[in-house]
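Since the structure of chain A is provided, determine the placement of chain B on it from the hints.
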Amino acid sequence: SQQGEEDPQALSIQEGENATMNCSYKTSINNLQWYRQNSGRGLVHLILIRSNEREKHSGRLRVTLDTSKKSSSLLITASRAADTASYFCATAPSGTYKYIFGTGTRLKVLA
Amino acid sequence: EPEVTQTPSHQVTQMGQEVILRCVPISNHLYFYWYRQILGQKVEFLVSFYNNEISEKSEIFDDQFSVERPDGSNFTLKIRSTKLEDSAMYFCASGLVRSETQYFGPGTRLLVL
Numbered sequence: 828s829q830q831g832e833e834d835p836q837a838l839s840i841q842e843g844e845n846a847t848m849n850c851s852y853k854t855s856i857n858n859l860q861w862y863r864q865n866s867g868r869g870l871v872h873l874i875l876i877r878s879n880e881r882e883k884h885s886g887r888l889r890v891t892l893d894t895s896k897k898s899s900s901l902l903i904t905a906s907r908a909a910d911t912a913s914y915f916c917a918t919a920p921s922g923t924y925k926y927i928f929g930t931g932t933r934l935k936v937l938a
Numbered sequence: 459e460p461e462v463t464q465t466p467s468h469q470v471t472q473m474g475q476e477v478i479l480r481c482v483p484i485s486n487h488l489y490f491y492w493y494r495q496i497l498g499q500k501v502e503f504l505v506s507f508y509n510n511e512i513s514e515k516s517e518i519f520d521d522q523f524s525v526e527r528p529d530g531s532n533f534t535l536k537i538r539s540t541k542l543e544d545s546a547m548y549f550c551a552s553g554l555v556r557s558e559t560q561y562f563g564p565g566t567r568l569l570v571l
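Sequences listed follow chains A and B, in order.
Here this note's numbering runs 827 ahead of the position in the first sequence, where the first position is 1.
Here this note's numbering runs 458 ahead of the position in the second sequence, where the first position is 1.
Check the hints yourself; a few may be wrong.
[To be verified] Here are the simulated lysine to any residue pairs, SDA-like style, with alpha carbons at most 25 Å apart:
#: 1; chain 1: A; residue 1: K925; chain 2: B; residue 2: E461
#: 2; chain 1: A; residue 1: K925; chain 2: A; residue 2: S900
#: 3; chain 1: B; residue 1: K500; chain 2: A; residue 2: T930
#: 4; chain 1: A; residue 1: K935; chain 2: B; residue 2: Q499
These aren't lab readings, by the way, just hints derived from the structure by calculation.
The shape of chain A in the complex, shown without the other chains (with noise of 0.2 Å):
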């Protein structure tokens, strides 16, 4: 897999429910950062953890890292409707400050 790679690539859900997104990643990083894009738009950071921390919470969003596994994971709780936009995952790995992206999970919540 690549650098910052999402799964699923697609999720669709019910108001209400709960989506995870993972992401995986190759290389040691300094930390981990989730970013939402609506389609077309801008990305609006959601959340960084770093490399030291294991679990971090904003609001109705979870994040986890394992960097044994180089992997996060991303929790959005009672998704709404409004959450509908694709996540991506950015790492740099450690000693430079190339952030790479991954293809994002296309998350859909249905009303």
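Relative to chain A, chain B alone:
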């Protein structure tokens, strides 16, 4: 809330022409970036800029590309002689601390004909 702005929102140009994409980063930020996203593909890092010089660049950022911070507020990306494959959405981002949160602008959609 402060935000990164980009102009123009859309640009159509002929192959071989020069284009300049403009960005106004968040005012107290020190680190500036350009990324691009070809339609349906990943967001790709192009270049980072700090203290009036390029910090890092990707293989994509060849001699056709240049960046400049001509004054205290603008940050520009110039493509000297555009190619068809330069058609993409170009995002500017800025950050206060390197390797921390990057704040993205809304992007400029460039179409090269």
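Evaluated hints:
1. A:K925 - B:E461: With Cα atoms ~22 Å apart, K925 of chain A and E461 of chain B stay inside 25 Å; holds.
2. A:K925 - A:S900: Cα-Cα ~21 Å, so holds.
3. B:K500 - A:T930: Distance ~5 Å between K500 of chain B and T930 of chain A Cα, so the pair holds.
4. A:K935 - B:Q499: It holds: about 19 Å lies between the C-alpha atoms, which stays within 25 Å.
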